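A.B. asks: Quick mapping for you: the protein sequence lines, in order, are chains V and U.
If you count by our numbering, then the first sequence holds residues 3 to 370, one letter each, in order.
If you count by our numbering, then the second sequence holds residues 3 to 166, one letter each, in order.
Calculated from the structure, these hints are not laboratory results.
All values reported here derive from a predicted model rather than from experimental measurement.
A virtual CB, placed ideally from N, CA and C, is assigned to each residue, including glycine.
Possibly wrong hints are sitting among the right ones.
[As the list claims (entries may be wrong)] 16 Å max Cα-Cα, derived EDC-like pairs, lysine to aspartate or glutamate:
(1) V:363 - V:114
(2) U:137 - V:356
(3) V:363 - V:188
(4) V:133 - V:188
(5) U:137 - U:107
(6) U:137 - V:332
(7) U:137 - V:114
(8) V:133 - V:232
(9) U:137 - V:351
(10) V:363 - V:224
(11) V:135 - V:181
[What the hints assert, rightly or not] Simulated restraints on C-beta separations:
(12) U:129 - V:368: 37 to 43 Å
(13) U:95 - V:188: 36 to 42 Å
(14) V:252 - U:34: 45 to 51 Å
(15) U:82 - V:28: 40 to 46 Å
(16) V:332 - U:75: 27 to 33 Å
(17) V:28 - U:60: 53 to 59 Å
[Stated by the list, open to error] Derived list of chain U stretches under chain V, where covered just means 3 residues or more per stretch with a C-beta under 8 Å from a C-beta of chain V:
(18) 95-105
(19) 108-114
(20) 140-150
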Amino acid sequence: MPPGIERDVNRFKQIVRGKVRQNLRKYITQGEMIGRKGREAVSIPIPNIDMPHFRHGQKGSGGVGQGEGEPGQPIGRGQDPGQGEGSAGSEPGQHIREVEISLAELADILADELELPNIQPKGQDSIKSVKHKYSSVRQTGPDSLRHFRRTFKRALKRQISSDAYDPIRPVIIPTRDDERFRSWKDVSEPQTNAAVIYLMDVSGSMTDEQKEIVRTESFWIDTWLRRQYDGVQRRYIIHDAVAREVDEDTFYRTRESGGTRISSAYKGARIIIDRDFPPDDWNIYCFHFSDGDNWGEDNQGCLGILTETLLPVCNLFGYGQVQSPYGSGDFLRELKKIDGDWENLILSEIAGRDDIYDSIKQFLGTGR
Amino acid sequence: MNIKSQVRQQLQSLMANPASLPTTVRMTDDDGITMAIDFSAIDSMSCAFSEMTLEVRRLQKAGAATLEQWARQLSQRVTYLLEQIGPIEIDPAANQVLIRSTPPDQQPDGTTFYEIMLSAHTGGTFTLRRYHAIKGIPGRTQVHMQVTHQVLEKLVQDLVDTIP
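Just chain V, with the same shape it has in the complex (with noise of 0.2 Å):
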């Protein structure tokens, strides 16, 4: 890319940059961006930036340059009012152009408005993952790899000592015993991970709204450890009386009718973790959204399941009470009697939209 190129396309991410922070909590609170995510990068509508433009006007309708002038005399002719129908809107009109910003300009962006620490992994990096390295050189490969530089010297070399090179006319002509290809090594490097288990309550009393906004919610959280750390695995768990673990998709669109009993969540969490991520090697995250009525006798199961085998293995334990046309129910009370014991669990109440914001600041504030 040309440097002058280069210089506007960061201003102009710099720009946009500056929009999204202006912007931020209204793209958390509203769940905008979400519906245009990709792999890497979200697409965000932000308002049009003006950029200064030259208008031309009619062809010989006069203007600068043309002729002579006195001064206070109007530049060019105007044009004739048009005939229409109605009168013109009083408000100004609403441009909105749509850019990309990668995934990991967000968690920066959403890291500095709300002051997140960077977090302290659990330690190990026992967990290797394989990249691919293109460190060498074959002599087969599709010509997308061609490696032009060594083909050129062999041909170079092979016509020398063939005495095939004349210096007066040098063309040198690859065959395909010269020809060398760029090749990969798969390099194994450690890495620390983390494992995020979403649960959440889909019992009749939690309505689409409140799903929304644990939709929201869970796309920051992720946002933001996708961006600490190098490797992230996703579990999903919903629960009405029973718990199961399923997509991604079906954890935002299911709803089920059946009662609460949040310690079978917590039993599903923890049959994951004894299965896909043993706690030395694994950074565990669980976030647990509910609108906290659960059924009365289960509060003490859930505690119990809760201090005796996910807190001690987790990093973060973040219940978010999301209020339901119903108010709010008891488990937050039940969950504040051990808070105090434990470092690691931090609550949330989510009354509405607008609480989102505050509550990611609550969930990741803490650099764990």
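Given chain V, put chain U in place with the hints provided.
C.D. replies: Using the frame of chain V, we list chain U on its own:
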């Protein structure tokens, strides 16, 4: 004597002796159905109570399907309270059905709603309460329900009539 007649008698008795309030009134009919109402206030036209329970022995081993049927019939029949009611959660594992106001009464300061729990767990019980949730404060507080004598008698009759 059926429950409805006993409720009428109890209302008259409480009106004659309002000093006895608050009090819990228990009634049992010939089929062994037991009703308890926690009255807190009464006058010549209406009364206030905090909780109404109904125990139906024959539903002790009822499955979730039976309770669900009861819930649906109740929701169709009881249409004269402050909000419509409907089943929200059905828990087959525990044989319980949760009925609530659908939708609840939402005011700027919070939400008020009826909650009925049908359960086969503790001997086939119906429990009616009313709750108020203040916006932004977790948890709910139980509040009194105020109904006219006529509405109370009709509610009691509908409860008994819809028992599966």
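A.B. asks: Does each hint fit the structure? Answer for all of them.
C.D. replies: Against the structure, the hints come out as follows:
1. Between residue 363 of chain V and residue 114 of chain V, the direct Cα distance comes to roughly 11 Å. Compliance with the 16 Å bound is thereby established for this hinted pair.
2. Pair hint residue 137 of chain U plus residue 356 of chain V holds up; C-alpha atoms about 14 Å apart against a cutoff of 16 Å.
3. Between residue 363 of chain V and residue 188 of chain V the alpha-carbon distance is near 39 Å, which puts this suggested pair outside the 16 Å criterion.
4. Annotation: proposed proximity of residue 133 of chain V to residue 188 of chain V holds, straight-line Cα distance about 6 Å (limit 16 Å).
5. With a C-alpha separation of about 13 Å, the suggested pairing of residue 137 of chain U with residue 107 of chain U holds against the 16 Å cut-off.
6. Taken as a hint, the residue 137 of chain U and residue 332 of chain V pair is honoured in the structure, with Cα atoms around 14 Å apart against an allowance of 16 Å.
7. Note on residue 137 of chain U and residue 114 of chain V: the hinted pairing is violated, with a Cα-Cα distance of about 31 Å set against a maximum of 16 Å.
8. Between the alpha carbons of residue 133 of chain V and residue 232 of chain V the distance comes to roughly 12 Å, so the proposed pair stays at or under 16 Å and holds.
9. For the hint pairing residue 137 of chain U with residue 351 of chain V, the CA-to-CA distance comes to about 11 Å; that is within 16 Å, so the pair holds.
10. At most 16 Å may separate the alpha-carbon atoms for a hinted pair to count; residue 363 of chain V and residue 224 of chain V meet this at roughly 13 Å.
11. Pair hint residue 135 of chain V plus residue 181 of chain V does not hold up; C-alpha atoms about 20 Å apart against a cutoff of 16 Å.
12. A hinted range of 37 to 43 Å for the beta carbons of residue 129 of chain U and residue 368 of chain V is consistent with their spacing of about 41 Å.
13. For the pair residue 95 of chain U and residue 188 of chain V, the supplied restraint of 36 to 42 Å is violated, since their beta-carbon distance comes to about 49 Å.
14. Judged by the Cβ atoms, the range 45 to 51 Å given for residue 252 of chain V and residue 34 of chain U holds: they are separated by roughly 46 Å.
15. At roughly 44 Å, the beta carbons of residue 82 of chain U and residue 28 of chain V sit within the given window of 40 to 46 Å.
16. At roughly 30 Å, the beta-carbon separation of residue 332 of chain V and residue 75 of chain U lies within the given 27 to 33 Å, and the hint holds.
17. For the pair residue 28 of chain V and residue 60 of chain U, the supplied restraint of 53 to 59 Å holds, since their beta-carbon distance comes to about 58 Å.
18. Taking a C-beta to C-beta cut-off of 8 Å, the segment 95-105 of chain U contributes 6 residues in contact with chain V, enough for the three needed, and the coverage statement holds.
19. For the segment 108-114 of chain U, the assignment as covered by chain V holds, since 3 residues bring a beta-carbon within under 8 Å of that chain's beta-carbons and 3 suffice.
20. With 3 residues having a beta carbon nearer than 8 Å to a beta carbon of chain V, the segment 140-150 of chain U meets the requirement of three or more and the stated coverage holds.
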